[in-house]
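Asker: Given next are the chains, with one letter for each unit.
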Amino acid sequence: GIQVEQSPPDLILQEGANSTLRCNFSDSVNNLQWFHQNPWGQLINLFYIPSGTKQNGRLSATTVATERYSLLYISSSQTTDSGVYFCAVCSFSGGYNKLIFGAGTRLAVHP
Amino acid sequence: EAGVTQFPSHSVIEKGQTVTLRCDPISGHDNLYWYRRVMGKEIKFLLHFVKESKQDESGMPNNRFLAERTGGTYSTLKVQPAELEDSGVYFCASSQESLTSGSEQFFGPGTRLTVL
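Here the protein sequences come in this chain order: A and B. Mapping to my numbering: the first sequence position 77 is 77, numbers consecutive. Take the position in the second sequence, starting the count at 1, then add 111; the result is the number in my numbering.
Pulled out of the complex, with its shape left as it was, chain B reads as follows:
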């Protein structure tokens, strides 16, 4: 069974440009999460989808970030316009049930974003 996949693995863009990251969760996992690790700091939650619905987007840093999950399958995270402080590693994760139900979360390999 395929794990969580993310594309691209690495993206280098200039400040002010737009970047779209993609995540494909494990098949059958309704719960999809985005996290990021910036500047070598802690890995921080961004948002949580259940199928196509946003359940919690409390971790989204500002309105330059837009996440979608049309059809409840893959998800995209768009950063527009990108700023220098957005550089970091963006992780996607999925789980079959919610974490509060005791479900294990599985992470993708991450997308390393570098904003110059």
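Next comes chain A alone, as it looks inside the complex:
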């Protein structure tokens, strides 16, 4: 089945710093989503981005489907950005109709 790899696994930042999280996937996809799991365990939708670039405030994401990767950019990080960031994909080539998640990037932003 499709493999989803996220890097780095852990990231520690000072407040105000910028960061880039990466998601590599092993097969063509028709759905890619980024989520933030906050300290309360809730999964918050960040981006639905099977291709192209999107921006939402301090966050932006780019997916290059032909090269099988996606990037999540966090600018001017804040302590509230702490948590785990997940990338998840759906691969139609395998007949899947479910999201396959990466292991996540655990982000800690310190004041």
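Any given hint could be a false lead.
Okay, derived cross-link-like pairs now, DSSO-like style, lysine-lysine, Cα gap no bigger than 30 angstroms in a straight line [what the hints assert, rightly or not]: (1) K152/B <-> K189/B; (2) K126/B <-> K165/B; (3) K189/B <-> K126/B; (4) K54/A <-> K189/B; (5) K54/A <-> K126/B; (6) K155/B <-> K189/B.
With the C-beta cut set under 10 angstroms, the calculated list includes, among others, these residues of chain A facing chain B [stated by the list, open to error]: (7) N31; (8) Q37; (9) Q42.
Please keep in mind that the hints were generated in silico from the structure rather than gathered at the bench. C-beta atoms are modelled at their ideal positions from N, C-alpha and C, and glycine is treated no differently.
Since the structure of chain A is already known, use the hints to place chain B on it.
Answerer: Frame of chain A; chain B shown alone:
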């Protein structure tokens, strides 16, 4: 518009007991999914409903897990009898169309299950 809701938010039970988790999808979403994250590992798919029909239950770990979606609205996930390794966070999600049609999936807040 209300998002996906789940009940309870947290459940603590003893090994061998039964627990039933409930999910209410976003109104009008025919596609409903269950996932879980155990032991801090990856979030894994359990099953997928389209209306009241199970489309894919390949992720269900064993026959101690039973999911239903009577009437095609809310869904329940019953664990009977619960084992220690069932502890984790159970997420429900819904989408208007199927994922293979390019529809976005929205997640509920999860139910944290602790089996003692």
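Asker: Next step is simple, just say for each hint if it's right about the structure.
Answerer: How the hints compare with the structure:
1. With a C-alpha separation of about 21 angstroms, the suggested pair K152/B and K189/B falls inside the 30 angstroms cut-off, and the hint holds.
2. Taking the CA atoms of K126/B and K165/B, the gap is near 28 angstroms; set against the 30 angstroms cutoff, the hint holds.
3. Using a Cα cut-off of 30 angstroms, the hinted pair K189/B and K126/B holds, with the two alpha carbons roughly 14 angstroms apart.
4. For the hint linking K54/A to K189/B, the alpha-carbon distance of about 39 angstroms lies beyond 30 angstroms, and the restraint is violated.
5. Distance check on the hinted pair: K54/A and K126/B sit about 46 angstroms apart at the alpha-carbon level, beyond 30 angstroms; violated.
6. The straight-line distance between the Cα atoms of K155/B and K189/B is roughly 17 angstroms, inside the 30 angstroms bound, and the hint therefore holds.
7. Taking 10 angstroms as the C-beta contact cut-off toward chain B, the hint placing N31/A at the interface holds, the least distance being around 5 angstroms.
8. About 9 angstroms separates the beta-carbon of Q37/A from the nearest beta-carbon of chain B, less than 10 angstroms, and the hint is met.
9. Evaluation of the Q42/A hint against chain B yields a held restraint, the C-beta minimum of about 5 angstroms falling below 10 angstroms.
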